[in-house]
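Chains as they are written, first to last, in UniProt numbering: chain A, 1 to 247; chain B, 1 to 247; chain C, 1 to 247; chain D, 1 to 247; chain E, 1 to 247; chain F, 1 to 247; chain G, 1 to 247; chain H, 1 to 247.
By construction, these hints were calculated from the structure, which means they are not laboratory data.
There could be a bad hint or two in this list.
Subject to a maximum C-alpha distance of 30 Å in a straight line, what follows is the list of computed DSS-like cross-link-like pairs (lysine-lysine) [claimed, not checked]:
#: 1; chain 1: D; residue 1: 96; chain 2: D; residue 2: 109
#: 2; chain 1: E; residue 1: 14; chain 2: B; residue 2: 14
#: 3; chain 1: F; residue 1: 96; chain 2: F; residue 2: 109
#: 4; chain 1: C; residue 1: 14; chain 2: G; residue 2: 96
#: 5; chain 1: A; residue 1: 96; chain 2: A; residue 2: 109
#: 6; chain 1: G; residue 1: 109; chain 2: G; residue 2: 96
#: 7; chain 1: H; residue 1: 109; chain 2: H; residue 2: 96
#: 8; chain 1: B; residue 1: 109; chain 2: B; residue 2: 96
#: 9; chain 1: E; residue 1: 109; chain 2: E; residue 2: 96
#: 10; chain 1: A; residue 1: 14; chain 2: D; residue 2: 109
#: 11; chain 1: C; residue 1: 96; chain 2: C; residue 2: 109
#: 12; chain 1: H; residue 1: 96; chain 2: F; residue 2: 14
Since we're looking at a predicted model, the values are computed, not measured.
There are 8 protein chains.
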Amino acid sequence: MDEKTLRALLARVKRGQASLDEAVAALKGAPFERLGDLATLDTHRTLRVGMPEVVLAESKTAAQVAAIARTLAARGPLLVTRLSPAKAGPARRAVKGSVYDPVSRTLRKGRMDLPARGPVAVCCAGTSDIPVCEEAAVTLEVMGVEPIRVYDVGVAGIHRLLARRDDLERARAVIVAAGMEGALPSVVGGLVGRPVIGVPTSVGYGASLGGLAPLFTMLNSCAPNVTVVNVDNGFGAAFVAGLVARG
Amino acid sequence: MDEKTLRALLARVKRGQASLDEAVAALKGAPFERLGDLATLDTHRTLRVGMPEVVLAESKTAAQVAAIARTLAARGPLLVTRLSPAKAGPARRAVKGSVYDPVSRTLRKGRMDLPARGPVAVCCAGTSDIPVCEEAAVTLEVMGVEPIRVYDVGVAGIHRLLARRDDLERARAVIVAAGMEGALPSVVGGLVGRPVIGVPTSVGYGASLGGLAPLFTMLNSCAPNVTVVNVDNGFGAAFVAGLVARG
Amino acid sequence: MDEKTLRALLARVKRGQASLDEAVAALKGAPFERLGDLATLDTHRTLRVGMPEVVLAESKTAAQVAAIARTLAARGPLLVTRLSPAKAGPARRAVKGSVYDPVSRTLRKGRMDLPARGPVAVCCAGTSDIPVCEEAAVTLEVMGVEPIRVYDVGVAGIHRLLARRDDLERARAVIVAAGMEGALPSVVGGLVGRPVIGVPTSVGYGASLGGLAPLFTMLNSCAPNVTVVNVDNGFGAAFVAGLVARG
Amino acid sequence: MDEKTLRALLARVKRGQASLDEAVAALKGAPFERLGDLATLDTHRTLRVGMPEVVLAESKTAAQVAAIARTLAARGPLLVTRLSPAKAGPARRAVKGSVYDPVSRTLRKGRMDLPARGPVAVCCAGTSDIPVCEEAAVTLEVMGVEPIRVYDVGVAGIHRLLARRDDLERARAVIVAAGMEGALPSVVGGLVGRPVIGVPTSVGYGASLGGLAPLFTMLNSCAPNVTVVNVDNGFGAAFVAGLVARG
Amino acid sequence: MDEKTLRALLARVKRGQASLDEAVAALKGAPFERLGDLATLDTHRTLRVGMPEVVLAESKTAAQVAAIARTLAARGPLLVTRLSPAKAGPARRAVKGSVYDPVSRTLRKGRMDLPARGPVAVCCAGTSDIPVCEEAAVTLEVMGVEPIRVYDVGVAGIHRLLARRDDLERARAVIVAAGMEGALPSVVGGLVGRPVIGVPTSVGYGASLGGLAPLFTMLNSCAPNVTVVNVDNGFGAAFVAGLVARG
Amino acid sequence: MDEKTLRALLARVKRGQASLDEAVAALKGAPFERLGDLATLDTHRTLRVGMPEVVLAESKTAAQVAAIARTLAARGPLLVTRLSPAKAGPARRAVKGSVYDPVSRTLRKGRMDLPARGPVAVCCAGTSDIPVCEEAAVTLEVMGVEPIRVYDVGVAGIHRLLARRDDLERARAVIVAAGMEGALPSVVGGLVGRPVIGVPTSVGYGASLGGLAPLFTMLNSCAPNVTVVNVDNGFGAAFVAGLVARG
Amino acid sequence: MDEKTLRALLARVKRGQASLDEAVAALKGAPFERLGDLATLDTHRTLRVGMPEVVLAESKTAAQVAAIARTLAARGPLLVTRLSPAKAGPARRAVKGSVYDPVSRTLRKGRMDLPARGPVAVCCAGTSDIPVCEEAAVTLEVMGVEPIRVYDVGVAGIHRLLARRDDLERARAVIVAAGMEGALPSVVGGLVGRPVIGVPTSVGYGASLGGLAPLFTMLNSCAPNVTVVNVDNGFGAAFVAGLVARG
Amino acid sequence: MDEKTLRALLARVKRGQASLDEAVAALKGAPFERLGDLATLDTHRTLRVGMPEVVLAESKTAAQVAAIARTLAARGPLLVTRLSPAKAGPARRAVKGSVYDPVSRTLRKGRMDLPARGPVAVCCAGTSDIPVCEEAAVTLEVMGVEPIRVYDVGVAGIHRLLARRDDLERARAVIVAAGMEGALPSVVGGLVGRPVIGVPTSVGYGASLGGLAPLFTMLNSCAPNVTVVNVDNGFGAAFVAGLVARG
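Looking at chain A on its own, in the form it has when it is part of the complex (with noise of 0.2 Å):
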């Protein structure tokens, strides 16, 4: 609540316009919606930093995921995400018209009606990677961005990449997924003159320490366009990808 708006209450509770009760209520707000001692649903989200809340399902029961999608999804667009195929039914049953897909492992339903100043690339760095993408893609869509898979395009073969560098140069932003040594960020980093989102993957094994390895990497790159999310954090590398589309 601005200033102003403040000052145009209180002017009418001073001109009796406004109920005491109704001051209070405004004064105090209350843009959350309590499921019981489940959950607190911050129903104003998408107001406040352009997003409806979504549901991070991974430690939550498929009653709970259910039972919070269906209350979001009256409300807006729906995005679940790392819901895994055995937790999935209860929540696609409860809200009509989701969709579900196992690579990605998100239920959505909807999108968000936005105009977005262009496209955001999506690159990766090997096949096993694909699913972390693919998070982030299903995001972008959700938003109202257009993601541009680049798929494959490691370092030990860096022709690969720069042969996709005319769709990586006309995107508002990139994401750029890698496990093991987490080296691609840096490299797309010095192609373009955009915002590079590293997602650190968990592929890999032994020294890749589950994805701190890569963390590591693009946390040091050298380009100074990177920045860094979470071990396979697909959906908030696209979340920011798309609030800088968006513009």
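Model the placement of chains B, C, D, E, F, G and H on the given structure of chain A, informed by the hints.
Relative to chain A, chains B, C, D, E, F, G and H alone:
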């Protein structure tokens, strides 16, 4: 070099309008300048990524910094970061008109002449984080983007942050530096619908692990619009935020 | 045995009112009970630290838990924690009247009869942290202290927490469970003038490091009223909060 | 601002007893004081969390410390921690009547005037832990709580601790500082029925990992009344113990 | 494409001996094959680095492995590593004549036809390291290099190793796999004047940290002829050893 | 082979009492037995280090364990450790008269016939540490040394340990297993004048880091008679304690 | 106090041969001496663990060391470790007849008068490990045990170690210090049938992690007679080896 | 000593052509030289591993370095590494004709006289990595192998590397030093068919973890011809590359 330019060049070779030597030179290119075995300066970086090469002075000698700074300043705006007062002299003398700032530890000259769509907010949790923020603010200024300083608004007194909400909301991107527990980016991320770039700082002791603790905090942020750069990397955060602000 | 009791005992020996054997036994004491080589139960713990020995079932067999639970339940209130549904049967049958709760994974019987000076608030950042909170709530109830549940109020929607400020303010101590970035205890700590006990949870992925990331966040809290317990240790947090509430 | 105050304020607006400007000011509030871009002092912290803002001097300059100390001392008791002898001069001169102690590395003036229900014991394992304990003892004194010093009673000579049991038992809370293996809090925790606050110290070498080893020891304590603060954080431990002692 | 080839091509364009389309194709090249969005196979890798692309099956589905294997096998020798028995079927059926080995978990067909200057020794410390050694031995065979197996010769019985010294000395390079403390490469390195490639294995428990302990052991080797590859990476060790043996 | 034996052998060669082949064989020796490429058994280990080779079954197949056990049992006492019930069958059948114990997860047959100067105490902090202690106790028995079991005497109830002081004092060495915070070895070390061997166990959760936390605790012990072995390594602790007891 | 002494004391109380005050004093005991709040010296430690309290000077001031040394030297042999040359003066002057050695950084006076059953070997891998070995050798001498020095015999030239086998074999225990990869204890452990105590040293760089790499190497030793102490802890290793040698 | 030599020696003993003393000496050997307790120099190392013992000066005193250097220089080429300018004097004076270079921090005299089959390329990502590269280049020169310097060609400007492809391709092995994210070895590995030896450097800050981040990057390289040495270990990389170049 895209296909169209390539075809044009080859056509000119065919027609005898371009000599073989010219064509070889154009095709092999050399968008860099070698300073003996000291450095291979990437002089086309502005065209490619929107910013000239920036000199990280930390592990270079004063003489190396001066030599590289002189070469770069002859071609465009100059920015040297992590330049300690003890090493600043030679570079400052080598580049006439350059300005050294001991708080941000930067040397700079000139600024880029590109339009920005709006300012960038630079926040920090505590007074000790200010040097990192100033490195970011100086970088933004060299990029031609206005910084809005929002300092000492850490989460243990959350009302200080809420009081600066207007400043946050007019920014195109928000940089948030924080040491110790590094919680501020998450809170800011929940308030604004813009990309938030978290900069963990090495402010703290013991379990702050030299900045790794706030780094991990930010990577795990529950606010999905937060991306992260390396510890104390004010420059990198500002570079990305500047790209977002330019559009 | 304090000096006064000691003098009294010696005086009784001197006067022949106590035999040597009695005195030796009293002086050597044995405030524990051995169950063969299986366990050495600390049966005087209630007197000493204000709570009977609590059984951590996690790395014990179902039979071991049942044997220990039976012995303890014969002497006072019983609390078994981290008892998976698969292992709960034998202990529940061994202690008539005991109650098993699958969310908190506790088995309990009875409660302590000590007065408390007020309630303890139990907060969490997200729905997935609820099992840890419920372990805390059950522990408080066995200690005879009222828990106030404040769930799903994480920092990405800070208004949800501010709306529950009254509940926080009437508590004698506040338990705050959070996974991922673990920022909630710092924000709560800045709002109340009571001890805040942070419980990092293992909710999260990748850079959450199985709960170490929120653990470090909380240890570095800039709010000075925050102390921390082990990852997912709802019981320990509740035990300390209960001691504070008792006074 | 609770609902009752809010209703009263709105009623006064309605009756014309309060002007719109007054009401706006009251509703927007500003419980802090800005020192230019240097600091945003949280001047209402005493009301909110029971202690004025305390200055952590470690990564501030001597001039910054002096400026902040002068402002805070004008409003109530002053405590500056981690202030090295080399930086103490300006702040001591800026605040007339302040006292600097080189062992605890604190500067202080005045004390709070709140009743405490009993003393707090401050224990340490070895002589080298004394500076951390003295930081805690000074903090308690500024809070108006009596510290009981129980020093050099580490677990390799457990009888030294047992001999001080009376001192432990009359305390409302016990602070236990220990470096190296950090085992003392567990042993103390098994002896008393009060909250025990473990302070790992950076005393040790090699596998002590700069205090992380005793930190992990304490977090894993089998005594359930132990909570933990950051390495060497005597101030934080004392602040929480003081809150417990005040009741 | 080196300068000489480039000049020749341009001269042919100038003389009309090559069409523009031919020249564009030659200059843009395309040494890879796209399988939809699934993979971008680097089909020129043999020319460039001396070995066809090898398939790491670990985080790919059985169907993905089969599709990629079929494409690669059509162009030269095939090697698939980390292929569990459960996933091997489809790929084995997709490539007629391929052989699956459950100990090394490899699928292969054919071998390279390049001369080697001598054999490569493959040593291991204990029986449990054999699967990693067999992955190395199979890789060497596909490269056309003879492996000498020297198994179960760990440092706790150093005479077992000394007895195999002749075998070590006729090798052009030595691969040494070891888990637990990983000391064997240092001892071997002190005995032979050839490159020694250490392969830490995940054999061990507790402080072996999943193979990180032997990894660090080998990186710190006081024998200067030791280099190291990732944990359990028998393939990588063999590939480098094979390059050395080929000359 | 010491110098005296060497001189004697050479003298016999000189005198024609030994053939060249005999001498070569004696000088090259072969105190091991190869089982194909499976294992190189160190059959002289008893002479050299006082104990036959012991089989660590953890990462071997049931068939490998059985083959190795059969060979070793033919030459002396047999001890197999970390043998899960699921894998025990073939080895038990391969060695007639062998005994499998599921608590310690050992298979054994026979015992060494060497005199010991006294018993070894085996202590643990909690019931969950018993399997590690039993592995130690069985190992001692195979070595011909008497174990004294002192179980469940953790530091949170220190009187339970003090009550067993007589048992500790008659031991030649003391093994102390502890998980969680691992403080028990320090306390025991302060009570007895014998070598104390700490065995960190993987009992615990969260910040116990799979046993690394108690490992570091023990390495930092302020009691100077404490040495440490790997996590859960009851066998190693017992082997060293047995050597001490033997003298 | 054992039961027999206790019965005798009580009998004397009963017979009036001991006053109540005498008995209380005897039963409460006080086997330590307080130096104000500076230290609580454990003056009965020799009786209990076989060695007087040893002073770790590292994080104490020169004045603290001198005060404690003077008190301890009045009661028996004195050993101060980790005493830098800069801090040694006051303690050396405080204890007449004490000797300071800058290589081992020890101050000592006198030696214990207990018989040993044999010498202890002190080995190291490289010249840089000698200070740690000398700390061990001095400690052994104060304990009355003969050290055998076997220096610079690292595993990259294993024949240097094999040539000293006689020295190793006459020792009752073997101390092995090694930095970098820390492999030497495993090799020594495979050669002798005595307890081997590994001392990781901080000699090395990069991946030696300040001594953690050799620490982990030794903990994972495949030689079962190896136990480990903290990084650079020559004193601790010698203390345990001395106990073994004494019997 | 191989079997053939052994048979010849024994035959000479038998025929009386060799005395027993001669044979004992030959069989016991002593391929090292003891400098008191200071060092046990491995003087046969050249024969065994192809390079004389090299002195790592880092944790030795100037006097120790000088003494060891003098002994080694009397027997062949000399190389001392990690010798700071402050410690170089005594060694340089001790070895007439030796040359000290402050960039690579090496002291050397002479070179080995063995033929190499080709040069070795030494690449680095940035100017700050040059000292490590120079240590490698000097080592190669002492081994008699030509180094090709390819400096400052990091992945953020990949065209700089591609322009030096000819230099890479004529090398027998390629050394690649890189700090920060350490991505360069993977890119080089994808370009050449030779062994690539990655040297992580400690250049960087924050999340570079003192060189551990690029170390892990290189260990996880998707280019299979990359092996890795310790942080900043230019010497080790060059030694292995030199062995490859020699053949």
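Evaluation of the provided hints:
1. D:96 with D:109: Holds, at about 9 Å.
2. E:14 with B:14: Within the cut-off at roughly 4 Å; holds.
3. F:96 with F:109: Between residue 96 of chain F and residue 109 of chain F the Cα gap is close to 9 Å, so the pair holds against 30 Å.
4. C:14 with G:96: violated, 49 Å
5. A:96 with A:109: holds, 9 Å
6. G:109 with G:96: holds, 9 Å
7. H:109 with H:96: Cα-Cα ~9 Å, so holds.
8. B:109 with B:96: holds, 9 Å
9. E:109 with E:96: Answer holds: residue 109 of chain E to residue 96 of chain E is near 9 Å, not above 30 Å.
10. A:14 with D:109: This hinted pair is violated, its Cα atoms lying about 47 Å apart.
11. C:96 with C:109: This hinted pair holds, its Cα atoms lying about 9 Å apart.
12. H:96 with F:14: violated, 49 Å
Consistency note: the structure conflicts with the earlier hints numbered 4, 10 and 12.
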